Amino acid sequence: MSAENLIYTLLSLPLLASALVLLFRNQPNLRDGQAVLLGIISAGAAFQLYLLPTGASLTLLELAPGLTLSFTPEPLGKLFALVAGTLWPLATLYTIGYMRGAKEKNHTRFLFFYAVAIHATMGIALSGNLLTLFVFYEMLTFSTYPLVTHKGDEAALKAGRVYLGILVASSIVFLLFGVIGVWAMAGTLDFVSGGILAGKIDPFYVPALLALFAFGIGKAALMPLHRWLPAAMVAPTPVSALLHAVAVVKAGVFTVLKVGVYIFGIDFLKETGGSEWLVWVASFSILAASIVAMTKTNLKARLAYSTVSQLGYIVMGMALATPFAASGAALHIAAHGAGKITLFFCAGAIYVAHKRTDIQDMNGLGRTMPITYTAFALAALSIIGVPPLAGAWSKFMLMGGALDNGYLLVLGVLMVSSLLNLVYLGEIVIRGFFANPTRKLKGVQEAPLTMLLPLSMTALLSLALFFAIDLFIIDFGG
Amino acid sequence: MIVMTDQLLGQWNYYLVIILMMIGFYGVIARGNMVKKIVGLNIFQTSVFMLYISMGKVAEGSAPILTGDPTTVYSNPLPHVLILTAIVVGVSTTAVGYALIIRIQESFGTIEDDDIIAQLDDEEETA
Amino acid sequence: MMQHLPILQVLLPLLASPFAALLRGRDVAWGLTFVTTGLAFLISIALFFQQRAIGETMIYELGNWAAPLGIVYVIDAASALVLPVISGIGFIATLAARQLVAAEIDARDHGLFYAAWLLTIAGMMGQVTTGDAFNIFVFLEISSLSAYALVAMGAGRDRRALPAAFNYLILGTVGATFYVIGLGLLYMLTGTLNLADLAERLPHVEETRAAFTAMAFIALGLFLKMALFPLHFWLVPAYAHAPSAVTALMASTATKVSVYVLIRLIFGVFGVEFPGLADAVGLLVLTLGIAGAFVGTLAAIVETDLKKLFAQSSIAQLGYMAIGIGAMSATGLAAAFLHLFNHALMKGALFLAIGMIAAQAGRATMGTIQGAGKQIPITMTAILFGGLALIGVPLTAGFISKLYLIRALLEQNFWLLAGLTFISSALALAYVWKIIEAAWLQPRPNGAPVLRETASQYIPAWIMVVATLGFGIYATPLVEAAFAAAHVFIPSVAGAN
Amino acid sequence: MQDDVVIRVVAKVMIPAVMLFALYVQFHGDYGPGGGFQAGVIFASAFVLNAVVFGLNKGRHVWPARYNLMGICGGVLIYGLTGVGGMVLGENFLNFNVLSSDPIAGQHLGILLVEFGVGLTVAAVMVMLFFTFAGRTAHLRLLSKSDAHERKISASKKRRK
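Protein chains in written order, with the numbering used here: chain U, 1 to 478; chain R, 479 to 605; chain H, 606 to 1102; chain F, 1103 to 1263.
To be clear, the hints were calculated from the coordinates, so they are not data collected in a lab.
It cannot be assumed that every hint is accurate.
Cross-link-like lysine-lysine pairs, in silico, DSS-like; alpha carbons within 25 Å at most [to be verified]: (1) H/K979 - U/K105; (2) U/K158 - U/K103; (3) U/K103 - U/K355; (4) U/K103 - H/K979; (5) U/K158 - H/K1039; (6) U/K200 - U/K151; (7) H/K1039 - H/K979; (8) H/K1039 - U/K105; (9) U/K158 - H/K979; (10) U/K105 - U/K151; (11) U/K355 - U/K105; (12) U/K296 - U/K151; (13) U/K105 - U/K158; (14) F/K1160 - F/K1114; (15) U/K200 - U/K296; (16) H/K1039 - U/K151; (17) H/K979 - U/K151; (18) U/K355 - U/K158; (19) H/K913 - H/K1039; (20) U/K151 - U/K355; (21) H/K913 - H/K979.
The structure displayed is predicted, hence computed values, not measured ones.
The following block holds chain U by itself, in its conformation from the complex (with noise of 0.2 Å):
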């Protein structure tokens, strides 16, 4: 298939399942086996696009004189959609055992909403400039939001508050503030390599428009603005699978990533030194966040905490405004996704074989649900940085990146952060593994099949990516 089709099937998959979830709301097996399939085509499609070489461009239509919804998929955005794409079938399929396992309600609204999540994603990933990509983000937005208020009690509705919240709120007070500031100066809003805005704008400007990105992205959720995170862990756990490793955080670092190569320019970030700021906030961030994950004994706002932290890896990435380190913050976007994705899909494993969710009550699970704690050591591994798991590269190359630019300080920070993830990741692989049951474990068996396969694929794919890594470097330095 030639690029352009492959656009167009990416971006309408998702909605065609959408749509045949609602037509066959009352089959639930036909239901839930064509938005599989159809993500399984998905995958295969966006594998195909990212093989293919750069440059096809697609215009859907002109909103207004020059400003169109067009679609030009970059390395960038071709591997952010082959992780979305891959993720997808995975998530959609643990999300049918999960929600049948846990004997959640309104199955038909949830896959819906779903599958539009992950049209909105691959809108994201594959737009061809910031007006396109600011009408998905806020389309993915909206979509999640009946996602994160699935069970309708007070609780999920006030989360639902903070999310929507927070998320529009940064969204249309900064975000858009700055695609309109960046039109009215650079008078195009198109992603084109090297930037848009060198000579267009006084350098002195610089740091205050990249406020407006690092905080208007409010899914990339740079501390302060992560509130929405952890309240989003009301949500059933497919439902935080989707919010960490297939969609919303990983548009949000997506998009400062893509705005900060295709709008600033990273040669012109480094000229004028207007990210220096963020690599900083970035580290607080990082830190913070490992620390608060810390104090955390809920294992999925534990699991919370670690994607701010890690979410600040891949904006640092992008502050540090060195070809290898953006490389290093694009590939964690995949290593992140592989790995975080795991560890959720092994909580909510845990959570329906198990109907807990405090750490202190996992106690010597992993002798029962062995399958499971296997991948979630592996998973925590990778994130840790310990190779031969993906993590280990992007980290690798983030490291690399500060020391070009002599940010020795950051060489601290990730070590520090990498050491924080090991004690609050492996404390729970421990006591899984080596800590005596605190109660009985009586009836608790491994989950059921279309749960334990998804997370065993995804904690095998950390696995791979180390090996194929060739494959997934994106080259920024032209």
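Following the hints, position chains R, H and F against chain U.
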């Protein structure tokens, strides 16, 4: 001095207009009684009518009816025509205003602003 | 016949009005109104395309009397853009009125109701079309007087409509009188009332204090009429207690026409170069606009009556239009025109949908719609989309207008103001989300009346929703038309699109 | 007032004269001062006088309520349709030149018709205003502020009970 007196006295019509305008405007704003508000509104509008009418008057000019004599100086009829329209509008407004007042009296039993507000507040509380 | 379209636009509803008053049967009166507004809508669309095709101003001379002496009707890019808004909303609101009026107004008054309805529409059309400043006043009063009567007709169900209408009358008349005072001063200075002629002659006297005073009076009067903060207190009760159909019609059109007249007078007659205009009016309008945006939004957040809530939101949205005007640039004016157009669409959708609920339940409050998402999903979805458009979510019309509004501010380097505008529009999320949560996420309380919806009830609102989305997804022609309208008043500068 | 002979007799003489004068003002309007507005008001005043002197019921008898709306709407329509006449005959709205073969005569005819429409409407509006407000007196008690205050107190007392 003479110039100033001339300016002051020569523009007496404007002073009259302004005084009337302020009296009327005060009535509209300060009075709680709706009939008095309408009266104020009428005075206010009348001041504008006078502004227009006095502007159309040309010194030594006669009524603008063609006499056939080319040397005759006429007053400008246009402001008068305009103000005729404005008067009609004013009368209509007054009529609508009074109609509303009657309906308000029928349903609230008062035409005082404060009393109506008090009644509505009571209603809100009981509701 | 084509050359008569400018006058037919106004004349048709004007002459249909006495017929409607004479027709006793309510369906006949409605039918006549429906046909008339439908024709008016077609005419305005024809005029729009005709004007776009010609590209220049079309002038219709009443009684073949040429401009300075006679009264002319002028169709330029600006009026051609605003006319379809009024007639379109008038048409859709009439479509909805059949049910709303039957539910809310005594059957004996239907003839008179539709007569006043048509007169309001005719008056608004007249204000937009006419090229004579005094004629604007006459049409202003025609539309206002019938609007007072329409608002008062809400008294059948809600007696608070009466004081609301009375206050509306008092303040409306004061505003109109201020306008006439300003006009009188202008006439004294220039000896003409024709807008084009005024614009030509004013530069000769622009240094005088009288000209400045005239501008102040005219602007003040129109601020009152367009409910610019802090002169907006008449608007909320008038909209909230009027019959639902009237609210839908007026919320989308009445204040917009005054915005248009303000633009026409301030930019078309005085011109941006008029000494003191940018400082006095521009700065004032900007400040009041942003203040109104905040006050209206905050008031809407705490409001529980839906009609009042959206009336408060109208104050905020008018603030945005004022900001566009206050930017004193072509982009700003275009943004004001865009928002005028788009806001009419979304408020029309919202008030039509809410009106249908109010007509059934007696009142539309947060309690009424609690859990209504399951009972009347189609109507509530219309409210959802209307609300999203108010926030300015992409792919809705509200996004487009906000885009250009901010761009206009940034072009003038009003960074702080742009930031404030963003904050106030983000606050809109709070009141919209309050409604969405109540409707979709909370259960319907026990014993609450069952709400129903039929196609004829939600179709009018949905026509507006579709338009809101349509102009959000494909806004290019609208944006071009808005810029053409803006360039009527501020000539195009190279490089601006 | 109905019992006052002087007033009754004077009114009986006056009313036809007032009406005649109104007609004069009406139809002389395009030559000298006068026209529809003034004539309409004068004409209406005859009916008002009639109602004032002989009572509302008798007044209603002479000018039934249904005439109001017909007069108002009819007048507007005469005005508007005269204007449309010019349009139908190929010129712009309100062009009276074409109403007759001679432009001057056409203008006379046009202005006569228009003024007649205005007069009719104004007369009907005036009479209607009078009857509308006068007819309400039975229900209307114009209250002083203290009076309203007393009512409020008694109302709140009732509520407390």
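Hint-by-hint comparison with the structure:
no., hint, in the structure
1, H/K979 - U/K105, "16 Å, holds"
2, U/K158 - U/K103, "22 Å, holds"
3, U/K103 - U/K355, "12 Å, holds"
4, U/K103 - H/K979, "22 Å, holds"
5, U/K158 - H/K1039, "12 Å, holds"
6, U/K200 - U/K151, "48 Å, violated"
7, H/K1039 - H/K979, "17 Å, holds"
8, H/K1039 - U/K105, "24 Å, holds"
9, U/K158 - H/K979, "21 Å, holds"
10, U/K105 - U/K151, "8 Å, holds"
11, U/K355 - U/K105, "17 Å, holds"
12, U/K296 - U/K151, "23 Å, holds"
13, U/K105 - U/K158, "19 Å, holds"
14, F/K1160 - F/K1114, "13 Å, holds"
15, U/K200 - U/K296, "46 Å, violated"
16, H/K1039 - U/K151, "18 Å, holds"
17, H/K979 - U/K151, "16 Å, holds"
18, U/K355 - U/K158, "23 Å, holds"
19, H/K913 - H/K1039, "14 Å, holds"
20, U/K151 - U/K355, "16 Å, holds"
21, H/K913 - H/K979, "24 Å, holds"
Of the hints listed earlier, those the structure fails to meet are numbers 6, 15, in rising order.
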